[in-house]
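There are 2 protein chains.
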Amino acid sequence: MGKRYEVCLSGSGGQGIILSGIILAEALGLYGGKFVAQTQSYGPEARGGASRTEVIVSDEEIDYPKAIKLDLLLAMNQKSCDEYYRDLKEDGMLIVDSTFVTQVPTSKAIQIPFTKIAREKFHREIVANIISLGTITEFMDIISPKDMEAAVLARVPQGTEKLNRDALKAGVMAARKFKESVKEKDSQPQELQRED
Amino acid sequence: MGKRYEVCLSGSGGQGIILSGIILAEALGLYGGKFVAQTQSYGPEARGGASRTEVIVSDEEIDYPKAIKLDLLLAMNQKSCDEYYRDLKEDGMLIVDSTFVTQVPTSKAIQIPFTKIAREKFHREIVANIISLGTITEFMDIISPKDMEAAVLARVPQGTEKLNRDALKAGVMAARKFKESVKEKDSQPQELQRED
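So the sequences go chain by chain: A and B. Counting with this note's numbering, you get residues 1 to 196 for the letters of the first sequence. Counting with this note's numbering, you get residues 1001 to 1196 for the letters of the second sequence.
In isolation and in its complexed conformation, chain A is listed as follows (with noise of 0.2 Å):
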């Protein structure tokens, strides 16, 4: 990893997006060694219902604990696509639940519908924020998936241990066969993107 990954997850409030954040924060920086700083800020916008956690990932202490350009941004719903697709640089990484995100700014957008597996897989979309955690460790190769599944297993109410897992297992799948549909695209152009 470079010096410093600044990773934003966003959405609506009641998606889960503070839990996310805490959980990949501690599964880099509790249980991975890293120096990581999270922040959540609430104003005028949070009033609204919007929800925003950043974390920030270095190998080094953390002096601005803000994101300046991010690595990453999850989003979760179209709002935060359309509103925090600017703060991302020009190589970001823009992972949406297609649930809910139809309209994508870049085609390189990874696109999965984390509330669709939740409800059909789960029968609970209260787990689309775990799964979208699982499909961050697929693709952020800084974090160890040993990890992860510490961090979530550590914050999850107790008795939910198995679906949270199975539920961050889905995560990965879903981006590996993301990955698999991309490379797919790419050896024959004709075919339209797929979203799942």
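Careful: at least some of the hints might be erroneous.
Per label pair, the in silico range of CB-to-CB distance [as the list claims (entries may be wrong)]:
| no. | chain 1 | residue 1 | chain 2 | residue 2 | range |
| --- | --- | --- | --- | --- | --- |
| 1 | A | LYS177 | B | THR1160 | 33 to 43 Å |
| 2 | B | VAL1182 | A | ARG86 | 50 to 60 Å |
| 3 | B | GLU1180 | A | TYR64 | 40 to 50 Å |
| 4 | A | LYS89 | B | VAL1182 | 49 to 59 Å |
| 5 | A | ASP82 | B | LYS1003 | 27 to 37 Å |
Hints are computed from structural coordinates only; laboratory data are not their basis. All C-beta atoms, glycine included, are put in the ideal place defined by N, C-alpha and C.
Since chain A is already given, all that's left is putting chain B on it; use the hints.
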């Protein structure tokens, strides 16, 4: 309130410090309409089991989201009291869990045995953090008790609402009792300071 008010909540991992920080930030930001930035940082000291979160509150947009000089420090164990007291403003407020903090650096410290109350009154050590939020609500004029209750209830596990509401109230009552004991002490200078 002034332009900027800085709070640090600190203790050991497992004392629910991060959750307290989120609840405090949401009470002030989501429910109270203030600008709030809440940060937790992980570095070598986190791996030693320490837990620390910072909540910055302002009437204006917050440019720098980390604490510079604290207005309020909550120390839930001795180590965090020893370590972070130096970050407190000269007229800042120190609140300690006197279950674990037996040596205070100032006679002005607000000493309340949060964990002892949690154990004895609720038979659940885990609510010590919610009790401490009740005390903070009583001492921090800018928090509305109604906003704090709403923020607590939105973040605690389903089914524990009554327990946590009662814990919050116990923290308010303990704070009032402490204020009374200080008044008594001031009128009877010979009396020893009482902890509970």
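Evaluated hints:
{"no.": "1", "hint": "A:LYS177 <-> B:THR1160: 33 to 43 Å", "result": "holds (38 Å)"}
{"no.": "2", "hint": "B:VAL1182 <-> A:ARG86: 50 to 60 Å", "result": "holds (52 Å)"}
{"no.": "3", "hint": "B:GLU1180 <-> A:TYR64: 40 to 50 Å", "result": "holds (44 Å)"}
{"no.": "4", "hint": "A:LYS89 <-> B:VAL1182: 49 to 59 Å", "result": "holds (54 Å)"}
{"no.": "5", "hint": "A:ASP82 <-> B:LYS1003: 27 to 37 Å", "result": "holds (32 Å)"}
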